[in-house]
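Kindly generate the complete structure, drawing on both the sequences and the hints.
Top line first, the protein sequences correspond to chains X and L.
Numbered according to the numbering used here, the first sequence spans residues 1 to 229.
Numbered according to the numbering used here, the second sequence spans residues 230 to 609.
There may be inaccurate statements among the hints.
As a list, the in silico BS3-like pairs of lysine-lysine whose alpha-carbon atoms are at most 25 Å apart [unchecked claim]:
(1) X/Lys132 x L/Lys233
(2) L/Lys350 x X/Lys55
(3) L/Lys234 x X/Lys74
(4) X/Lys83 x L/Lys310
(5) X/Lys116 x L/Lys432
(6) X/Lys74 x L/Lys432
(7) L/Lys234 x X/Lys83
(8) X/Lys18 x X/Lys8
(9) L/Lys233 x X/Lys116
(10) X/Lys132 x L/Lys234
(11) L/Lys432 x L/Lys350
(12) L/Lys514 x X/Lys83
(13) L/Lys514 x X/Lys132
In case anyone wonders, no lab produced these hints; they're calculated from the structure.
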Amino acid sequence: MSLLLELKDVSKIYGSVKALRNVNLEVSRGEWLAIMGPSGSGKSTMMNIIGCMDKPSNGSVTLDGVDISKENSKSLTNIRRDKIGLIFQQFHLINYLTALENVMVAQYYHSMPDEKEALRALERVGLGDRAKHLPSQLSGGEQQRVCIARALINYPTLILADEPTGNLDEANESVVLDIFKRLHKEGSAIIVVTHDPEVADEAQRTVVLEHGRVARIVQGKNNAMGCDA
Amino acid sequence: MMMKKQTMYFRMITSSLIRRRSRMIVALLAVAIGATILSGLVTIYYDVPRQMGQEFRSYGANLIFTPAGDETSFTMEAVRKATDFIPNNDIMGIAPYRYETVKINEQPFTAAGVIMDEVKKTSPYWFVSGQWPQNDGEALIGQEVSDYIRLSPGDMFTVTGANSVGDSFSRDFTVLGIVQTGGIEEAFLFVSLSDLEEMAGDKGRLDVVECSVSASQAELDDIVRRIDENVEEVTPRLVKRVTRSEGAVLAKLQALVYLVTTIALLLTMICVATTMMAVVAERRKEIGLKKALGAANRSIVMEFLGEGLFLGGLGGLLGALFGFAFAQTVSLNVFGRSISFQPRLIPASMAISIIITGLACLLPVRSATDVDPAIVLRGE
Ligand SMILES: Nc1ncnc2c1ncn2[C@@H]1O[C@H](COP(=O)(O)OP(=O)(O)OP(=O)(O)O)[C@@H](O)[C@H]1O
Ligand SMILES: [Mg+2]
Numbered sequence: 001m002s003l004l005l006e007l008k009d010v011s012k013i014y015g016s017v018k019a020l021r022n023v024n025l026e027v028s029r030g031e032w033l034a035i036m037g038p039s040g041s042g043k044s045t046m047m048n049i050i051g052c053m054d055k056p057s058n059g060s061v062t063l064d065g066v067d068i069s070k071e072n073s074k075s076l077t078n079i080r081r082d083k084i085g086l087i088f089q090q091f092h093l094i095n096y097l098t099a100l101e102n103v104m105v106a107q108y109y110h111s112m113p114d115e116k117e118a119l120r121a122l123e124r125v126g127l128g129d130r131a132k133h134l135p136s137q138l139s140g141g142e143q144q145r146v147c148i149a150r151a152l153i154n155y156p157t158l159i160l161a162d163e164p165t166g167n168l169d170e171a172n173e174s175v176v177l178d179i180f181k182r183l184h185k186e187g188s189a190i191i192v193v194t195h196d197p198e199v200a201d202e203a204q205r206t207v208v209l210e211h212g213r214v215a216r217i218v219q220g221k222n223n224a225m226g227c228d229a
Numbered sequence: 230m231m232m233k234k235q236t237m238y239f240r241m242i243t244s245s246l247i248r249r250r251s252r253m254i255v256a257l258l259a260v261a262i263g264a265t266i267l268s269g270l271v272t273i274y275y276d277v278p279r280q281m282g283q284e285f286r287s288y289g290a291n292l293i294f295t296p297a298g299d300e301t302s303f304t305m306e307a308v309r310k311a312t313d314f315i316p317n318n319d320i321m322g323i324a325p326y327r328y329e330t331v332k333i334n335e336q337p338f339t340a341a342g343v344i345m346d347e348v349k350k351t352s353p354y355w356f357v358s359g360q361w362p363q364n365d366g367e368a369l370i371g372q373e374v375s376d377y378i379r380l381s382p383g384d385m386f387t388v389t390g391a392n393s394v395g396d397s398f399s400r401d402f403t404v405l406g407i408v409q410t411g412g413i414e415e416a417f418l419f420v421s422l423s424d425l426e427e428m429a430g431d432k433g434r435l436d437v438v439e440c441s442v443s444a445s446q447a448e449l450d451d452i453v454r455r456i457d458e459n460v461e462e463v464t465p466r467l468v469k470r471v472t473r474s475e476g477a478v479l480a481k482l483q484a485l486v487y488l489v490t491t492i493a494l495l496l497t498m499i500c501v502a503t504t505m506m507a508v509v510a511e512r513r514k515e516i517g518l519k520k521a522l523g524a525a526n527r528s529i530v531m532e533f534l535g536e537g538l539f540l541g542g543l544g545g546l547l548g549a550l551f552g553f554a555f556a557q558t559v560s561l562n563v564f565g566r567s568i569s570f571q572p573r574l575i576p577a578s579m580a581i582s583i584i585i586t587g588l589a590c591l592l593p594v595r596s597a598t599d600v601d602p603a604i605v606l607r608g609e
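See the structure below:
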């Protein structure tokens, strides 16, 4: 399994706060990784760095062969657009656009908007009949599925999800997990930040952060692909 | 089926404008009110000279006839000869004056025999409390005269004196009005020309004729020259005072409107800029998200500018229409005249509003590009 992502000795310092301290991590293509840890342990900070939205204070991050810790913000924008699919706890849909248009926005910034394809993406997450609804007319679970459809629309190399089920009830959580399982089966690499052990259990490995350090790495029960740590 | 990028761009902008209606109406109002004041003031700015010009033209006498050479008087016949040199349409009023010294309660006063309707035209700025006389036997008295002999409208008084052949006369008059002019006229009393001629005799002689002529300075100069050459009996003279002060007052009025317009322009910019800043501030999450999705700074700037410029255009259009209503109201109330709508004002107002909105958006939109995409992963 070839390497998709490599963090070497990565630190992030906000003033006096050391959000990440000397983190080392390798993620293979197609791997499903979970990140756990108490609040403030640096999970979102790590996601921001991996997602090219922030730069590490120290260390190097190599994504798909490119050292993103050396890139300027413009090329980071391009890498983010081409390689990363983001899923958020708060969904972050644009409230004046319909579900369909929200998916098309991602196409618009990436290349060309394509209504048919966007509609197919919504159908894949079971929202074909909600395409013309505004976010305010959708339930939380439905909004999260729109967010997922948007994250997938440009075929990202890596899907980053920061507590994707944090705002969902159990029924919706399992719907989202089912989508992740399917994506994983189709070969997508996924990194999921979660507080929920059940969600983490579905991943192949779980990285536990404490005080900005990797405290331990746990092999998941589904570690069928046999990735080594 | 691919969609053009512009199509999606317009879809995003129109959705933002339509579905965020209440916010947009506030911003639109800011632009429209600014444009209303601007286009209203500009209309007034250009209309003031026209309005005031007409106002000043009715500000009476700008040409005066006095007796020529050593003569002490002239006749209506000579006046008619002189006014033949003025185009008929340009004559707003011709007011003959004859002055005689008379006595009231043995006090000497100057009485002027006039044609009241003509005086109204050549001296429209006279302020009469009471009424203008309409008939013989009625008099208008100057404020000073009124103070001196304590007469008010409705009072009767007797005028005595000696006529041209030395016989004494006595005649009763009713005070109809008291006139304030701010000038020497306040020491006179005014009766009809025919009353004065009956008392003083020597029918037909005049001392001064005041004319109100609607003509440019060059035309007036020409008229004076021709009358001077052709009519021996009178000396024509232009009254410069009114025309000069007309220019001065106009310049001051325009300067005032100019100043107010500039201030309105600044206020509009500040208003639109703060509105746009609020719009950008409340959409920081959205901007962060768009950046997280890979939007370039340019795309974000274009989206906000698109919204801003649409607001500018629509606000400018509304402003041109409301501004005309505003200017019309002012014109009707202040000058008592209506103004005609200038269609040019619509594109002008839209263009200016778009430019101003664009400028006002510049700062807040620039700050929009500073938004850190990482905010989307931070807690709210
Ligand atoms: N922009 C910032 N400026 C200053 N400090 C920050 C910033 N972002 C994060 N931090 C700090 O870094 C630490 C790690 O934050 P982070 O958001 O990564 O935690 P987390 O593990 O995602 O927590 P949670 O589970 O609550 O989301 C915290 O102490 C936080 O206060
Ligand atoms: Mg977090």
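Here is what the structure says about each hint:
no., hint, in the structure
1, X/Lys132 x L/Lys233, "holds, 20 Å"
2, L/Lys350 x X/Lys55, "violated, 84 Å"
3, L/Lys234 x X/Lys74, "holds, 21 Å"
4, X/Lys83 x L/Lys310, "violated, 99 Å"
5, X/Lys116 x L/Lys432, "violated, 103 Å"
6, X/Lys74 x L/Lys432, "violated, 100 Å"
7, L/Lys234 x X/Lys83, "holds, 21 Å"
8, X/Lys18 x X/Lys8, "holds, 16 Å"
9, L/Lys233 x X/Lys116, "holds, 13 Å"
10, X/Lys132 x L/Lys234, "holds, 20 Å"
11, L/Lys432 x L/Lys350, "holds, 24 Å"
12, L/Lys514 x X/Lys83, "holds, 22 Å"
13, L/Lys514 x X/Lys132, "holds, 23 Å"
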